[in-house]
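Undergrad: Top line first, the protein sequences correspond to chains D and S.
The numbers in my numbering rise by one with no breaks, and the one at position 156 of the first sequence is 156.
Residues are numbered in my numbering as their position in the second sequence, beginning at 1, plus a constant of 344.
To be clear, the hints were calculated from the coordinates, so they are not data collected in a lab.
Bear in mind that the values here come from a model prediction, so they are computed numbers and not experimental data.
So, partial list: chain S residues that the calculated Cβ filter (under 8 Å) puts toward chain D:
#, residue
1, Q561
2, T566
3, H581
Glycine is no exception: its CB is placed at the ideal position from the N, C-alpha and C atoms.
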Amino acid sequence: MTQQLENILEVNNLQTVFATEGGEVRAVDGVSFVVPKGKTIGIVGESGSGKSITSLSILRLLAKNGKVNDGEILFKGKDLLKLTDKQMRDIRGNQISMIFQEPMTSLNPVYTVGQQISETLIIHKKISKQEAMKQSVDMLKLVGIPSPEKRVKQYPHELSGGMRQRVMIAMALACDPEILIADEPTTALDVTIQAQILELIRDLQNRLDMSVIMITHDLGVVAETCDYVAVMYAGQVVEYSDVRTLFKNPKHPYTLGLLNSLPRHDVDQEKLIPIKGMVPSPHDMPVGCRFAPRCPVATQACHTKPPMLESIGNNEQIRCWMYSEEWDGDSEVTLYGEKRTVKG
Amino acid sequence: MTKYIIRRLLQTIPVLIGVSILVFSLMFLIPGDPARVMAGEGASEQTIENLREKLGLNDPAYVQYGRFITSAVKGDLGNSVRSGRPVMDEISARFWITVELSIYATILSVFIGLIAGIVSAVRHYTLTDIFIMIIALFGLSMPNFWLGLVLIQWFALGNLPFGMDMPAWLFDIVQMRPSGWGESWRQMVLPVITLGTGGAAIIARMTRSSMLEVIGQDYIRTARAKGVSERLVIYRHALKNALIPVVTVIGLEFGGFLGGAVLTETIFAINGMGRLTIDAIRQRDFPIVQGTVLVISIIFVLVNLLVDISYKFLNKRIDLN
Ligand SMILES: Nc1ncnc2c1ncn2[C@@H]1O[C@H](COP(=O)(O)OP(=O)(O)O)[C@@H](O)[C@H]1O
Ligand code: SF4
Ligand SMILES: [Mg+2]
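Isolated chain D (complex conformation) (with noise of 0.2 Å):
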């Protein structure tokens, strides 16, 4: 029944390194999910698990000593990974464009805000200045921006923070793009505006038909805006399935111990049971399952050999041992209060 969705962005294994003075860093290290259409996939996991990094790898925005070391990135069939630096560009805040956690920091300065909305819009439209100017004012208006013909003329630093990220927004949609990637968009901001640009994502995704890859480490954002997720910990995708799936019947232990430790009032909570330990340190991953230190059901397999995503059932990922036929542990488990029977 469930008809084939066209995924405009398939990344497959990817694998990005950093050098640094202690050796080499897998940030990211064999992760994949796929963008369909006009849909909003969610990008989440705790803090260094390596999801600005995965975004980046895919606008090929990374700092000197980080490069992606494997795995591919199809967006529309071709591989972002085999174009040339000016193929690229022209991708680049064109078809697919990025906004950022920190708008404060995140414009430039000594530039007017409609300087800065109308360069994306003459380097990739060929355009006249004054005919990039009246668009600009027109995506101000877009973005809900009061007076847009007078905050056109002037610099950033006359802008409240949800108002540059507005301009951030609007920038990154002049072009039309069919991904937007939104790393983060609201963390930065107060609870009221995080809500407001939330909203205004959610709506222009609507009208103007674009995919949005929201990366975030807040699982009520990923409720609100997400059509699909895939849960990252430590560099690697560890759940991928569609938004009522993840929440409804969570499968993954690092997935149950993060809604875990959400407060909620949909379902019954006994109590929060926090996932124990830390995160591990990329210099330092475990050999096994990445999360086996601090997984509450952990067999000794788990500590030795690395799970794969496997796909299990309708467009659904896992990277668990306790969902293949290899399975050593019990066949009823009880993860964060919540019982559950397991294959094996």
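We have chain D; now place chain S with the ligands onto it with these hints.
TA: Chain S with the ligands only, in chain D's frame:
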């Protein structure tokens, strides 16, 4: 902004008064009787007494200072003890030579410093960067007078190292003639290099570190995410921000050249303010010494003021971030 300018202008008044007091006291800081020192060895008592009378040295110090400051405000700094000409005339004849030298030296150091700094930052941690920074370190640590003497040895006297021959065109460019008013730019070449080298090194290092800091900023990542080419990321987005602190250094450097060209002018026999000061000290012509020191100090204070104001102006958008 206007308030800031007015405040800074008012702040310079006590500084200028302090400077004038200091300059005035020069006369009393040297050991012995100023009139006797100025008159020179073997001068008769009568000559010394006349000089003392002429300079008003018999009055109490505060009366002398009052006279000094009231005429200074009117542009009268007294007369040279040696030539008898007004100090102001002596200075203005030399002033523009020093200004010219300082302007050329500033242009040279800005030109070389900016290019070297940008290249170094864009290629940081490559051999190019290391090479430029080593050269800059040399430029910074070389004493002016030493560089000047080396340049004279090599180019003016033609004693190139390793027995190399100097091509005629090069000799033509750097040859020195007796200096004076209306010096051709050719005579300025070696002194400008001497004076500007250290400045170029400072600007190169400053530009590099400022560029590196700016290149790491979030808005540079934003520019790249928009599809801006690497060239424009550097020249449109990074440079404009990175130059703000460099402008300050350039201004201060120019001020420093004006006051600090003493050695260079002496080595190359350029008749600028520095040379005038040195000669006056040698001849114990105190009114001239007072005059040059006062003029240089005032210029330095004013250049500083201008630099502060322009920095504030350029930094306005960033400051409030
Ligand atoms: N420039 C860099 N150099 C070295 N390591 C880096 C660099 N940037 C990121 N990393 C590593 O990548 C990991 C993931 O970072 P990031 O993707 O920013 O996490 P987040 O999920 O919070 O966005 C970090 O823990 C860090 O160790
Ligand atoms: S593989 Fe084992 S340690 Fe890892 S999450 Fe699954 S059960 Fe836990
Ligand atoms: Mg991040």
